[in-house]
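If you're matching them up, the sequences are chains A and B in order.
Residue numbers for the first sequence follow this note's numbering, beginning at 1 and rising by one.
Residue numbers for the second sequence follow this note's numbering, beginning at 1001 and rising by one.
Honestly, the hints are just simulated from the structure, not real lab data.
Some hints here could point you the wrong way.
Each computed EDC-like pair below joins lysine to aspartate or glutamate, with the alpha-carbon atoms no more than 20 Å apart [said to hold, decoys possible]:
(1) A/Lys140 to B/Glu1162
(2) A/Lys169 to A/Glu105
(3) A/Lys169 to A/Asp100
(4) B/Lys1191 to A/Glu235
Computed beta-carbon distance windows for the label pairs [unchecked claim]:
(5) B/Lys1155 to A/Glu12: 37 to 45 Å
(6) A/Pro65 to B/Pro1039: 19 to 27 Å
(7) B/Ser1066 to A/Gly49: 14 to 22 Å
(8) A/Arg51 to B/Gln1049: 54 to 62 Å
(9) A/Ser183 to B/Lys1155: 51 to 59 Å
(10) A/Leu166 to B/Ala1128: 44 to 52 Å
(11) B/Gln1049 to A/Thr227: 33 to 41 Å
(12) B/Leu1080 to A/Lys239: 36 to 44 Å
(13) B/Lys1155 to A/Thr136: 53 to 61 Å
(14) B/Ser1024 to A/Glu12: 42 to 50 Å
(15) A/Arg51 to B/Ser1190: 25 to 33 Å
(16) A/Pro231 to B/Gln1049: 48 to 56 Å
(17) A/Gln126 to B/Glu1020: 17 to 25 Å
(18) B/Tyr1028 to A/Ile96: 33 to 41 Å
Even glycine gets a Cβ: it sits at the ideal position worked out from N, Cα and C.
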Amino acid sequence: CDIDILKEKIGEVLLPGDEFVFESEDTIFLTDNVKPERPVCGPGLRQSGNRLVVSKSGVLRHKPPHTFWMDSQQWRYVPAKAETVIGIVTSKSGDIFKVDVGGSEQASLSYLAFEGATKRNRPNVQVGDLVFAQFTVANKDMEPELVCIDGSGRANGMGVFGGGGLLLKVSLGLVRRLLAPQSDIRSDLEQLFPCELVVGMNGRIWVRASTIQQTLIISNLLQSCDTLTAPQRREQFRKLQKGGL
Amino acid sequence: MIDGRDGDTSVMAGVYGPAEVKVSKEIYDRATLEVLLQPKVGPAGVREQSQEQCVRETCEAALLLSLHPRSSLTLILQVLHDDGSLLSCCLNAACMALMDAGLSMSCLFCGVTCAIGADGDIIADPTAAQEKESRALMTFAIDSTERRVMMSSTKGSFSVQELQECVAVSQKASEKVFQFYRDSVRRRYSKNL
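Between the sequences and the hints, there should be enough to build the whole structure, so can you do that?
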């Protein structure tokens, strides 16, 4: 079958320009129950007709039944709909806050997009505050828009936060690995010491532990996780657990 | 940051973007690519500007710029050492930097320089001394999908047949460069696989 060509390459490193051609069938039998399997392309893959072209270098990943995407290392964030990010409020003008999310353009956040906010009851947001929000509008042609409520009007963990913690910038790959359902890094961190983590998909992580020293240790660990292999990382965690600082 | 080496010639490339762009420079349907080539000594002059244009046009053909309208991409090339074949070294460094930054590309490209000596023999990737003694010097940018010539920059006098021979030599030499790209990217991702 055609998708098998792609399935053979799962876990391999591919470069932009690598192409996969699917043979298209000239006749489709209406009595057949089997539909030809078309792959669903995620980030880093582009489809045109029966050709699939890789557009970003990385590792090919697969989620059954037909979803494929390129897992690439990147530092610069490009806004995408429904992703939750950490933004820094840069200005307040009238009814809208301008928020820096690390992309090519600043996003806009309406003051009514907070839980329990009305025209009389404005949220307490100042310039320089950190907000955890999600994108409702994020495409290449329009200015991105953020909200701090979900579909039913509840905050659900979003909103203004900060105070006493440290904000760091890491690669997008590390953030995705932290947010994955069975995350090794997160389970290793849980065994170290209790801390509060806010992870934004734009590569920003906010850390707060019970003392400043522990906060700094965790932030240094997270930044080094980008360049360490899994065994090296576990070695570092083990050294810290034994008490060597 | 990517360090491109061609023999002793060495260029460091850095890519920034997609970032905010000045309203005067923004293009409504695609990204604005700016290339800055800094020589090792002295300020950038007219020669660097023409080399920047060659690199920029090649990059614009390979990148998918329509994915980032009204944004800017900046590519900065710093010459660390120049011992001949500078433009092709810049092209190689630029391609690897763009690929490493995670920008969407339709194909990869590489630069190959050919020099035609006084006795008519073709030298690939000449050193500065060989370039000085050559009667013609050509740099080609070759794409990775169909090995076609994307950009050519030539100096000196040569016949049509010599030009075609040089193109063939460059296309053959580009295989090694693309294999090097593949090996480098494999090494980069081997830690997190």
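Next on the checklist: Going through the numbered hints above, which ones does this structure break? Give me the numbers in ascending order.
Outcome noted: 1, 6, 8 and 18
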